[in-house]
Amino acid sequence: MSGFLTWLSMGKYAAYVWPSFGLTLLVVVLNIHWARRSFREAQALARRRLAMRRSES
Amino acid sequence: MTWLWFNKLASPPHFYRIAGRWIPWLAWPAALLGIIGVVWGLAVAPGDYQQGEGYRIIYVHAPSAWLSTFTYTAMAVTAAIGLIWRMNVAHAVSASCATLGASFTFVALATGSLWGKPMWGTWWEWDPRLTSELLLLFLYLGYLGLRGAIEEQSRSDRVCALLAIVGVVNVPIIYYSVEWWNSLHQAPSVMKFGKSSMPASMLTPLLIMFASGTLFAAALVLVRARGEVLRRERAGNWIAAAIGANATASGREGE
Amino acid sequence: MTSPPSLGSLARLQMARDLRLALRRGGEWLQPLLFFLVITTLFPLTFDPQLSRLRDVAPAALWVSALLSSLLALELLFRDDAQDGTLEQMAVSGAPLAWLLLAKTAVHWLLTGVPLVLVAPVVAGALGAPYATIPALLAPLVLGSITLSLIGAIGAALTLGLRRGGVLLGLLTLPLTVPVMIFGARASALAIAGQPFVGPMYLLGAVAALALALAPIAVAAAVRINVE
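Residue numbers (our numbering), protein chains in the order written: chain A, 1 to 57; chain B, 1 to 255; chain C, 1 to 228.
If you're looking for bench data, these hints aren't it; they were derived computationally from the structure. These numbers come from a predicted model, not from an experiment. We treat Cβ as the ideally placed atom computed from N, Cα and C, and that holds for glycine. Heads up, some of the hints might be wrong.
[Said to hold, decoys possible] Among chain B residues calculated to face chain C with C-beta under 8 Å, some are:
| id | residue |
| --- | --- |
| 1 | TRP3 |
| 2 | PHE138 |
| 3 | GLY142 |
| 4 | GLY145 |
| 5 | ARG147 |
| 6 | GLN153 |
| 7 | ARG158 |
| 8 | LEU163 |
| 9 | VAL166 |
| 10 | ASN170 |
| 11 | ILE174 |
| 12 | LEU184 |
[Claimed, not checked] What follows is a set of in silico ranges between Cβ atoms, one per label pair, in the way DEER data are often shown:
| id | chain 1 | residue 1 | chain 2 | residue 2 | range |
| --- | --- | --- | --- | --- | --- |
| 13 | A | SER9 | B | GLY148 | 41 to 49 Å |
| 14 | B | SER154 | C | ASP80 | 20 to 28 Å |
| 15 | A | LEU25 | B | LEU144 | 17 to 25 Å |
| 16 | A | ARG40 | C | ARG25 | 46 to 54 Å |
Work out the full structure, taking the sequences as your base and the hints as a guide.
Here you go:
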């Protein structure tokens, strides 16, 4: 257990190392979310356009 | 042979389909490599003689910096292809790079700052690498601003493509001028963690992170690009089949 | 069948027209120059009025003020011609658009850069530069102001017709001007210190040459996209 805590403390650099990795993970997750949302919105737009064209014809 | 492949990809329905198939093949390896790289970098690799455990930030800082420039280059190259061959697919891919690139430029700056504080004592120094990253961030933000300002899709694509190309031509000149300026004033440069001087036990996880980041970026750009292609297609019988067939063909990516 | 107008006469006609139009609006063309003077005045006010200390900041003050005043004038470079359709006419006229736009950029420099260079000695002296070194200051400023006009023209062409294009113009243009600013300010700093500044001048010249060769192409491409 103490080995784990030693590792967690990152030789007293914990305050810098963990936020770095945490921020990177956050940005990764955010970008995944944004990309997928952008795709979903584009799909919805395409569906709406398709529906409009079909109702016109 | 390659020309045929290139022409095929230029067709929106083909690109939509092919990209959709590639995404899981990029995303899952990216996730796996990412986990391996992070675990290796945080736990298995030895501490550094000078910087102790603090150097481990390099495992997220360096790949982010790499991604920031790689993505900008990809954005510019696809923009040029879009302009020269009038290819909507290329413009779609180009537009998909911007947010990702800007995000990782920001991460490079933030992790660079977090690395700098314990190593050289201040949250910020006008180190040539950080200064260049900051300027790259401004280039990205300018691009995103221009994107948002022009409403008409075709005009927006072509104007932003020009900006990306002008930017990419400038990037090496800017880097060089910042290095030149920095050498005059001998400001401290901390990121002198030369790859050649790193032992394999430290270098390998770094290379793994680079690979993971690149695959991840490619996957996400394709996810967005498929949507962008849909946005640019006003008509086309393929759309009905495409969006009816699989609603979430993007798969599940994760770290 | 008359032969098409030569490049020289095209440039002369374009520049003459733009100069006439700009000067017709009274003292408006002087505004960037006034802007330059006001910004440089802000430096001693926000820093330290002692000439011996101001001297250190003088190159930075000169170049930053030059950049900002050049930016201010840029919006006017294409705005009027875009609004009344002249740019569109230029684009479809069959004449080389890049050349015509280079001529317009030259007028921008004549009205913004040249007055600035002429006034710079006075400003430099006011900021503590030793009088003997002031003539040497002019060369970097000439090259730099030309390059700033060229790079700025790209930004102006890209943001043509946008409602609040002014701020975006600045945001787009500023990072691109970093090499000019670094080399130019360094050359001026060395000049003020009475030291040889050939090195930065060569670099400045290289950037200027590159801008002269490439910027008009980008400007023409951007204008075509925005006016068609």
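Hint by hint, work out which the structure violates, then give me just those numbers in ascending order. Of the numbered hints, 1, 5, 6 do not hold.
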